[in-house]
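S.K.: Here are the chains, one letter per residue:
2 protein chains.
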Amino acid sequence: MTKKKEIKLGVFLAGTGHHVASWRHPEAPADASMNLDYFKELAQTAERGKLDMLFLADSLSIDGKSHPNVLTRFEPFTLLSALAQVTAHIGLTATASTTYSEPFHIARQFASLDHLSNGRAGWNVVTSSIESTALNFSGEEHLEHRLRYQRAEEFVEVVKGLWDSWEEDAFIRDKESGEFFDKEKMHELNHKGTYFSVRGPLNVSRSPQGRPVIIQAGSSGDGKALAAKTAEVIFTAQNHMESAREFYQSIKEQAVSFGRDPEKIAIMPGIFPIIGDTEEEAKTKYEELQDLIIPSVGLNILQNYLGGIDLSSYPLDGPLPELDAEASNAVKSRFKLVQDMAKRDNMTIRELYKYVAGSRGHHIFVGTPEQLADKMEEWVENQACDGFNIMPPLLPEGLNLFVDKVIPILQDRGVFRKEYEGTTLRKHFGLEKPANRYAE
Amino acid sequence: MTKKKEIKLGVFLAGTGHHVASWRHPEAPADASMNLDYFKELAQTAERGKLDMLFLADSLSIDGKSHPNVLTRFEPFTLLSALAQVTAHIGLTATASTTYSEPFHIARQFASLDHLSNGRAGWNVVTSSIESTALNFSGEEHLEHRLRYQRAEEFVEVVKGLWDSWEEDAFIRDKESGEFFDKEKMHELNHKGTYFSVRGPLNVSRSPQGRPVIIQAGSSGDGKALAAKTAEVIFTAQNHMESAREFYQSIKEQAVSFGRDPEKIAIMPGIFPIIGDTEEEAKTKYEELQDLIIPSVGLNILQNYLGGIDLSSYPLDGPLPELDAEASNAVKSRFKLVQDMAKRDNMTIRELYKYVAGSRGHHIFVGTPEQLADKMEEWVENQACDGFNIMPPLLPEGLNLFVDKVIPILQDRGVFRKEYEGTTLRKHFGLEKPANRYAE
Ligand SMILES: Cc1cc2nc3c(=O)[nH]c(=O)nc-3n(C[C@H](O)[C@H](O)[C@H](O)COP(=O)(O)O)c2cc1C
Ligand SMILES: Cc1cc2nc3c(=O)[nH]c(=O)nc-3n(C[C@H](O)[C@H](O)[C@H](O)COP(=O)(O)O)c2cc1C
Chain A
0 MTKKKEIKLG
10 VFLAGTGHHV
20 ASWRHPEAPA
30 DASMNLDYFK
40 ELAQTAERGK
50 LDMLFLADSL
60 SIDGKSHPNV
70 LTRFEPFTLL
80 SALAQVTAHI
90 GLTATASTTY
100 SEPFHIARQF
110 ASLDHLSNGR
120 AGWNVVTSSI
130 ESTALNFSGE
140 EHLEHRLRYQ
150 RAEEFVEVVK
160 GLWDSWEEDA
170 FIRDKESGEF
180 FDKEKMHELN
190 HKGTYFSVRG
200 PLNVSRSPQG
210 RPVIIQAGSS
220 GDGKALAAKT
230 AEVIFTAQNH
240 MESAREFYQS
250 IKEQAVSFGR
260 DPEKIAIMPG
270 IFPIIGDTEE
280 EAKTKYEELQ
290 DLIIPSVGLN
300 ILQNYLGGID
310 LSSYPLDGPL
320 PELDAEASNA
330 VKSRFKLVQD
340 MAKRDNMTIR
350 ELYKYVAGSR
360 GHHIFVGTPE
370 QLADKMEEWV
380 ENQACDGFNI
390 MPPLLPEGLN
400 LFVDKVIPIL
410 QDRGVFRKEY
420 EGTTLRKHFG
430 LEKPANRYAE
Chain B
0 MTKKKEIKLG
10 VFLAGTGHHV
20 ASWRHPEAPA
30 DASMNLDYFK
40 ELAQTAERGK
50 LDMLFLADSL
60 SIDGKSHPNV
70 LTRFEPFTLL
80 SALAQVTAHI
90 GLTATASTTY
100 SEPFHIARQF
110 ASLDHLSNGR
120 AGWNVVTSSI
130 ESTALNFSGE
140 EHLEHRLRYQ
150 RAEEFVEVVK
160 GLWDSWEEDA
170 FIRDKESGEF
180 FDKEKMHELN
190 HKGTYFSVRG
200 PLNVSRSPQG
210 RPVIIQAGSS
220 GDGKALAAKT
230 AEVIFTAQNH
240 MESAREFYQS
250 IKEQAVSFGR
260 DPEKIAIMPG
270 IFPIIGDTEE
280 EAKTKYEELQ
290 DLIIPSVGLN
300 ILQNYLGGID
310 LSSYPLDGPL
320 PELDAEASNA
330 VKSRFKLVQD
340 MAKRDNMTIR
350 ELYKYVAGSR
360 GHHIFVGTPE
370 QLADKMEEWV
380 ENQACDGFNI
390 MPPLLPEGLN
400 LFVDKVIPIL
410 QDRGVFRKEY
420 EGTTLRKHFG
430 LEKPANRYAE
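From first to last, the protein sequence lines are chains A and B.
Each residue of the first sequence is one higher than the one before, counting from 0 in numbering that gives the first Met the number 0.
Each residue of the second sequence is one higher than the one before, counting from 0 in numbering that gives the first Met the number 0.
A portion of the hints provided could be inaccurate.
Heads up, the list lumps identical chains together, so a pair's fine if it works in one copy or across two of them.
As the list claims (entries may be wrong) - Quick list of in silico lysine-lysine cross-link-like pairs, DSBU-like style, CA-CA up to 35 Å: (1) Lys263 <-> Lys223; (2) Lys49 <-> Lys174; (3) Lys404 <-> Lys174; (4) Lys39 <-> Lys426; (5) Lys404 <-> Lys282; (6) Lys182 <-> Lys331; (7) Lys64 <-> Lys174.
No wet-lab data here; the hints were simulated from the structure.
One chain only, chain A, in its complex shape:
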């Protein structure tokens, strides 16, 4: 019997949960997005479940229409650094934008977090898709999509370069001779590129992982190319096993074309699991949440998915009108997703907004722990993914259920760890510590 492939698991923590109306649920702690004790509890639960990592999204702009979870929230580096102090194994990953920051700051913050967590930091590289972000950063125009990704690629290169500023054994600290470090082992990067010129060295020693883990979630052509070139973990929204298989294969092939080992890239679609002891119970739970969506909120989210198209003149219980994808400024993959669902499943505007507003386009699962374990195994066996980023609709309930009911099944089946094999995020993912570019 060949050994079954281990599933990789992350949990995407977000306020009261990923369902847009979760905060209205009677059990939801409505102040969740800025409640530290609550985040500590979630992090510790995820660690009890031996999950590979927890994940925080981020954005640098809000408006009055934002999801309550993201309206106000902790800044990710400060939150993860706090969570690092109450956990010991789980990976701590956060999103940071390459469009509105500087490589020196980002390199430094992740390196510092990697030290403070003993090697558990990961960076989800995003280019920031919200146009209005530019207005919070002195109105430099929001770069167009292609240029954002060009900047991102150079940004990641600079950050990796800065992470190599110091060789592992650079610090001698010989009290007798007074030699604190070996000058040959400190390196200036002297990067001069299109978007950045950065001398270095970074003022943080080489971090426990050598390099924090690089995560990417782009799904346009440029986004996928950046992922295939640089990412070690890839998040994606995939609703059907077939399209997930295509995505998986295309990314891994592209990675090979860049000279990378496809085994060293973990592809992890989001999954939005509504778990019940019976299918019936799960369905009822889902309906309960769906019924909490306020129509104007739901419609607004659908409109945003479609790039701001105004649907208010169409009946909620009628079909989606014909829309011009080219004319829209939407995230292309999201636009296509909605249009495909509308056509394939004949969904009404109300059904569509309930679908996207609830899970924001991620794979919705409704069923028992056994069924969820089956589904996960099936996807991994069929090379549709290497694991999942769990997006519980309602927290803490959804995470508790996952850890207490689904994890033990996966463990029994031999597809998920019973104990952490190590203490670094790289170790969890079976990734080696990269060599410093300057080391012999």
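We have chain A already, so just place chain B with the ligands on it with the hints.
M.R.: Chain B with the ligands alone, transformed into the frame defined by chain A:
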């Protein structure tokens, strides 16, 4: 009998201590600047001593000649957020530059830290004086001194504005009606100025202190003006009580001219205390540290103080040559300090480098706990300052001695708190929570 004035106390944490050769001391943990357990212990000791705050310096550029403590170190936000988890009262303050960051990021990180520490954050506003910092941030020219301070003033205004984005009671979270927040209590800043245009709102709720405490350490005319206009705590390097009195009076007068209450500004010079049970013991300790300074390191620091002037052709045991202050690019107050000492006390180059290299220009005290308590009381009574930023030459020893031997004396004399009066940094400083500009 009138009640004596309470002394305010901070501790400036830095690797193995503030003496440039402290890392060579037999008891120094030479890896201190990146050792989290060590920082936790220091923070807890400072809190045991009921100190108002701990303070972290920062810089965004290094070279091979940097002080070992600052060569590599933790990034301040991530470090303070970790320390917030192992302390409950002490203020947590960090330096962040207005020249190389964006107000949205800085506003957000301090607001987040203020939440994660339940109201203990403070920001030391600096303009970054190291020229080469520009080279790590895509070579935008290092702004000239006056423009740096113009930018800083606007930067602080924007940050304060962003901190008012949400009124205290903006979040209704009415599950029944579905109203998450009161739109009237969320505010866009819509700042458009010379250096920044920032729309807002900030994506962090109003923080426990309303506004983190603002600290400033500039000592040029522009620096002092910014401090008098915006700072609630002012750090300064003062070596003599007379000049400290002048500084104190001029800042407080200037503050009044800006319509501020001078009582709400705490002026805290750095002090570099070498404490012994006897004066003799203290002197021996100091000599021990001074003898650890490597001449080339010491001379280099002196040269930097003088703006990079080359002294290598002058005998170490001879006088400082005549130098042209105008031609030098040095921090003016430092240049003057060195020149004054050289003339007044007839110091040789070696004596000068020992003086500045050891304490980097801060007030050096050598003596017993009683004598130190006397000195502190004297300065505060004579309106030379409101308290001190303790800069222990050697850590953890210097902080342990201060907390165990000096604090009890100050407490017995009724000039220092025996218990914290509250849990926020504002409370420690007797500062009220500022009203939100938009609140009625
Ligand atoms: C699981 C997941 C998490 C994401 N988190 C963020 C985030 O926190 N912030 C953000 O700006 N974008 C986030 N994205 C969006 C992606 O980074 C990317 O912008 C989006 O998938 C569109 O890709 P494209 O620009 O390549 O079309 C996330 C996407 C996924 C699938
Ligand atoms: C106690 C103290 C701490 C300081 N910490 C920093 C620091 O961490 N980073 C920095 O760039 N400058 C720091 N400075 C320097 C001041 O911000 C300022 O640049 C310096 O005093 C020169 O002032 P000027 O530019 O107004 O002449 C500090 C100064 C003092 C007195």
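S.K.: Now tell me, hint by hint, if it's right for this structure.
M.R.: Now the hints, each set against the structure:
{"no.": "1", "hint": "Lys263 <-> Lys223", "result": "within (16 Å within a copy, 55 Å between copies)"}
{"no.": "2", "hint": "Lys49 <-> Lys174", "result": "between (42 Å within a copy, 33 Å between copies)"}
{"no.": "3", "hint": "Lys404 <-> Lys174", "result": "between (55 Å within a copy, 29 Å between copies)"}
{"no.": "4", "hint": "Lys39 <-> Lys426", "result": "both (23 Å within a copy, 27 Å between copies)"}
{"no.": "5", "hint": "Lys404 <-> Lys282", "result": "within (17 Å within a copy, 67 Å between copies)"}
{"no.": "6", "hint": "Lys182 <-> Lys331", "result": "between (49 Å within a copy, 31 Å between copies)"}
{"no.": "7", "hint": "Lys64 <-> Lys174", "result": "between (59 Å within a copy, 17 Å between copies)"}
Comparing the model with each numbered hint stated earlier shows that all of them hold.
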